[in-house]
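Turn these sequences into a full structure, and let the hints steer you where they fit.
Protein chains in written order, with my numbering: chain Y, 1 to 635; chain F, 1 to 635.
Don't read these hints as lab results, they were simulated from the structure.
Possibly wrong hints are sitting among the right ones.
Across the chosen pairs, the derived CB separations fall in these ranges [as the list claims (entries may be wrong)]: (1) E42(F) to P137(Y): 35 to 45 Å; (2) V35(F) to K319(Y): 19 to 29 Å; (3) T125(F) to D368(Y): 42 to 52 Å; (4) R135(F) to K319(Y): 53 to 63 Å; (5) D587(F) to K445(Y): 37 to 47 Å; (6) P137(Y) to K446(F): 39 to 49 Å; (7) R135(F) to S417(Y): 43 to 53 Å; (8) D415(Y) to T125(F): 43 to 53 Å; (9) H255(Y) to T125(F): 49 to 59 Å; (10) R135(F) to T523(Y): 30 to 40 Å.
These numbers were taken from a predicted model, which means no experiment stands behind them.
Using N, Cα and C, we set each Cβ at its ideal position, and we do this for glycine too.
Protein chains: 2
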Amino acid sequence: MQGNNSLRLWAGVSAVAIVAVAAAIMAPAAIAEEVKTSKSVEWEDILNDEKTTGDVVHWGMGIRNHRYSELTQVNDSNVKNMKAVWSFSFGDEKQRGQETQALVHDGVIYVTASYSRAFALDAKTGKKLWSYQARLPDDIRPCCDVVNRGGALYKNLFFMGTLDAGMVALDKNTGKVVWKEKFGDHTAGYTMTGAPSIVKDQKTGKVLLIHGSSGDEFGVVGQLFARDPMTGEEIWMRPFVEGHMGRLNGEASSHTGDPKAPSWPNKKDGSKREAWNHGGGAPWQTATFDVKTNTIVVGTGNPAPWNTWYRSGLDGNWKDYDSLYTSGQAYLEPSTGEMVGFFQHTPNDAWDFSGNNPITLFDMKQPDGSVVRAGAHADRNGYFFVTKLDELTKRDGKISKQAGGAFGIYPFVPDISWATGWDLKTGRPMEVAGQRPPPPAEGEKKGESIKVTPNFLGGTNWMPMAYSQETGLFYIPANHWTEDYWTENVTYKKGAAYLGQGFRIKRQFDTHVGALTAIDPATGKIVWTHKEAMPLWAGALVTKGNLVFTGTSDGYVKAFNAKTGEELWKFQTGSGVVSQPVTWEMDGKQYIGISSGYGGAVPLWGGDMADMTKQVSQGGSFWVFGLPKELASAN
Amino acid sequence: MQGNNSLRLWAGVSAVAIVAVAAAIMAPAAIAEEVKTSKSVEWEDILNDEKTTGDVVHWGMGIRNHRYSELTQVNDSNVKNMKAVWSFSFGDEKQRGQETQALVHDGVIYVTASYSRAFALDAKTGKKLWSYQARLPDDIRPCCDVVNRGGALYKNLFFMGTLDAGMVALDKNTGKVVWKEKFGDHTAGYTMTGAPSIVKDQKTGKVLLIHGSSGDEFGVVGQLFARDPMTGEEIWMRPFVEGHMGRLNGEASSHTGDPKAPSWPNKKDGSKREAWNHGGGAPWQTATFDVKTNTIVVGTGNPAPWNTWYRSGLDGNWKDYDSLYTSGQAYLEPSTGEMVGFFQHTPNDAWDFSGNNPITLFDMKQPDGSVVRAGAHADRNGYFFVTKLDELTKRDGKISKQAGGAFGIYPFVPDISWATGWDLKTGRPMEVAGQRPPPPAEGEKKGESIKVTPNFLGGTNWMPMAYSQETGLFYIPANHWTEDYWTENVTYKKGAAYLGQGFRIKRQFDTHVGALTAIDPATGKIVWTHKEAMPLWAGALVTKGNLVFTGTSDGYVKAFNAKTGEELWKFQTGSGVVSQPVTWEMDGKQYIGISSGYGGAVPLWGGDMADMTKQVSQGGSFWVFGLPKELASAN
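Structure (structure tokens):
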């Protein structure tokens, strides 16, 4: 509605303006935009991003996604004095969800925005150096708002996904398109919202641009891609539905797992049931990278359709059909795109729990003092997975490493209803009977409604948690909510929603929805929880200054004591904050950068939550905060 | 284009969302918006607005439009430490020009926004209390962007004009519409962008809501209205084209001036030439009020069409046809709407100089030490008019008070080309020959192009200046620019632009366009000028703390030393600032409030300037600034 109205108004405005323009002789702009040439970004810069405090050159603030900074200038004593330094408006009468993470390099901030836009800003002043806006066709199908979650930098290029299932490389000094590759049919539902990542294949020495696809709600087959970052040329593609064929150097490479796909049921004639052709598993968030074992690690999306019975045996048997390789964490060889390991978070996922939130790779100190290599993932299904990195990266010819693959699997939200816990030996959940929404009774279109906790928006959703190398804790932007859930009949139709499920998101508690949760990965102990009235939909950042930063749906950027969860500072940005904070140092001063702009899945899908957040204004701006010189010392 | 794209994307987004919504059972919002009941606004509050520092209950920060505050907590010593306190996003994927002035009362900020929107915000936190958005038809015709310049408060109501030629009263505690009156045919070009004002007729004791109309570029007849604020009922209407009929209590009242309209030429048959029927003069800015003489004072717009020859004798004689009562300042009796005085700024205006910028009423200390009652107006034509308030308000049966009506008329921009100065005795300009764009030669469609300084965007345009009761100076947001100007043939067609003129706005100097100018009204001396690279399009505010505040097209809110013009502070808001700053005190702290969001006439009409400002992002937000407690003392 809004869009239409503004179009027509603009037409009205033009009525007179056209007279002026038509009468005018066009002259060159009197003040050209300044071209600022910044340093090339090398692999070493990316590899060291975790340690270098003067820049943020990779999503996750490093290829392991720690979102941790050694900076201490802004700390638990003085953060209360932090102030806004500047703000930048994304403009163009485009707002909606701003879920991005900015990159910062050589005095320039690179930030993406809704509707597949990108901006380069002078980090000191906020002055726009260039902007880019993808020309999006009318028939794109983003399931969950027109968001973009960030870009990547390498050499002189800035990379980002576009909603029309494209990946684009821009000259980072000018914003001009260097290459653009379309990776899927956007009319079938393929799209791209996640940030790409950069890895260096330790075997070949080749640097690769890794990116996934989105679209599970439309029944796509999720795919991960490796490209030559300089040319955009595809090196390999890996589909995440068991038995589908991968691609290497433009040719068929290998099936994903067993070519017969035994985790997907057959029809009576022995051919696969429909769902297998459209099985989802899209890796729509950002891959992390284990340099030691030369392994790409990525979360895979929900199976399609959501309705479990379409992915079960004709007799209703779901236990033998895990819908591999959906809703789990996948480990891949960068040279070939072969899958070398997989750990599933939700076997035969009946709830759209998906498994995409990035797997954070870290060295975990165990209660006995030993240090082990681990992967951490907080899932929509309410469990926090601490997996064995050395097991899952092992090239032993066996993909599934469910049995014995995890150090621990712990609930991080209360009253999980679909499982009572996990058997670490088998690596399988102890599922609660009756929590799979039952199929419609004969002659009915809808099944009986049941209550499931957490709901499909998740214990946590896409918003990345942070890991403190100082406290050893993870900080999960979690939510406490539940839902009513029922099945519906569905048949695949290209470009249409392929869910087979209906739902209403509901409150779990009167007091709050959002729950920033600090958890000890070695024990699963929840150290503290900070509650928010509205849903939390922003990522977290943690610093050695004992601070956790995140944003809230009611417009605040906030800082918390990392050890205690005490709220120490907040600033009202005027629209909901659902993006990812970063921090860096420039000219001896520490800054925090974050986008503001409400949107994403909650207002579109969120039932009671959509109603609650209707009062939140849309926005679209980037903010930089810092300590005034005079207030940098404590108190 | 933008609007269309976003509409379609939204449709795409909805594809899935609709499934969710359709499947959902609607439930009431879990958290309702808070209703905050604030004190009633009385006439005394408005009358005293100039002096009360705890609120801003009228446009102009008082009915005399001084835009001056006695507050000194933020001052020339400590303003460098001022920081952003909070920001609010207007949202809705609507941006474009934000030219508004906020009102502040009893802890609530009332601010209008582009596309005829209004918001009530908690002044402490920025939390939205309510919002209102006019349902605008598709065929509105705002000449110069979808701006709104502010509202008015009285009793429990908040008033604002709408782009579809309406005036609406909202319950100020809930935002619900109490009444809405349409005052003109928006398809003919009538619209409303200015803030209404509140006056109390000293004769009858009746409080009136005064508002004008816009639309001169479409050939409307400009009208001023008085309404009962509580019901919206029209009390009187005064047209500003000589000889047109006014209205009082629903009946024809009196002609405006001479019924024969001798200042408009006749055809050979003795009837009026076409222009008289569509003569413009719209009072599209806000009226001020002289309590002592019980007189409403308002600027009137340009004559229509712009082309002088359509408003001159058939022999090309313009000297005898002043196009009354356009491009001047009008004085009206509040009981009846009768015009009691008029001073024209540009007789037979051939340049769209208009005369709308509000007339600031003040007590002027003359060089000899005597104090006189005066009106001050900075005009697009480059002259600063200091008029005699007691003369112009005199009920002597004579409307035109041109002869001897001014204390002084001074240039405030350099190289004015259309006149060399003014004869104060006659009250007429010494016009330069050849500066009226000549008519097309026989058989041609366009006349020869000539260069005119300043251009029609003006030495200053709509953006209100400020008057310091402390320094005695006026602070004019001025611009230094020129234009190429030529005539074109035109015939009135309802709803179409009625200009008869073409143009291209051009640079005057390589160094700058904007020029914040401090001028002494008693001598016309320019005390200082602060230059800005880009056009200045924001209003000014001055405080006893020796500070002048304004905004810049490149996104800054700035503070200057009121005595010297030294720039003391700036903050980057991310979009061009073209609105009107206000200041108030709350809980012992002084705050500055201003909207950010680029748009208005410059990017639509501005030729070279539109090119220059293309780099400015659109926006739409309100900002509050203040001194951190720790930094409130100097240094």
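Evaluation of the provided hints:
Taken as a hint, the range 35 to 45 Å is violated for the pair E42(F) and P137(Y), whose Cβ atoms sit roughly 57 Å apart. Between V35(F) and K319(Y) the C-beta distance comes to about 54 Å, which lies outside the given range of 19 to 29 Å. Between T125(F) and D368(Y) the beta carbons are some 49 Å apart, a value that agrees with the proposed interval 42 to 52 Å. For R135(F) and K319(Y), the hinted distance range of 53 to 63 Å is satisfied, since their beta carbons lie about 56 Å from each other.
The hint said 37 to 47 Å for the Cβ distance between D587(F) and K445(Y), and at roughly 59 Å that hint is violated. Separated by about 41 Å at the C-beta atoms, P137(Y) and K446(F) satisfy the suggested range of 39 to 49 Å. A hinted range of 43 to 53 Å holds for the C-beta pair R135(F) and S417(Y), which are about 44 Å apart. Between D415(Y) and T125(F), the C-beta spacing of about 33 Å breaks the proposed range 43 to 53 Å.
The hinted range of 49 to 59 Å is satisfied by H255(Y) and T125(F), whose Cβ atoms lie roughly 57 Å apart. The hinted window of 30 to 40 Å between R135(F) and T523(Y) is violated, with their beta carbons roughly 57 Å apart.
Violated hints, listed in ascending order, are 1, 2, 5, 8, 10; each of the other numbered hints is respected by the structure.
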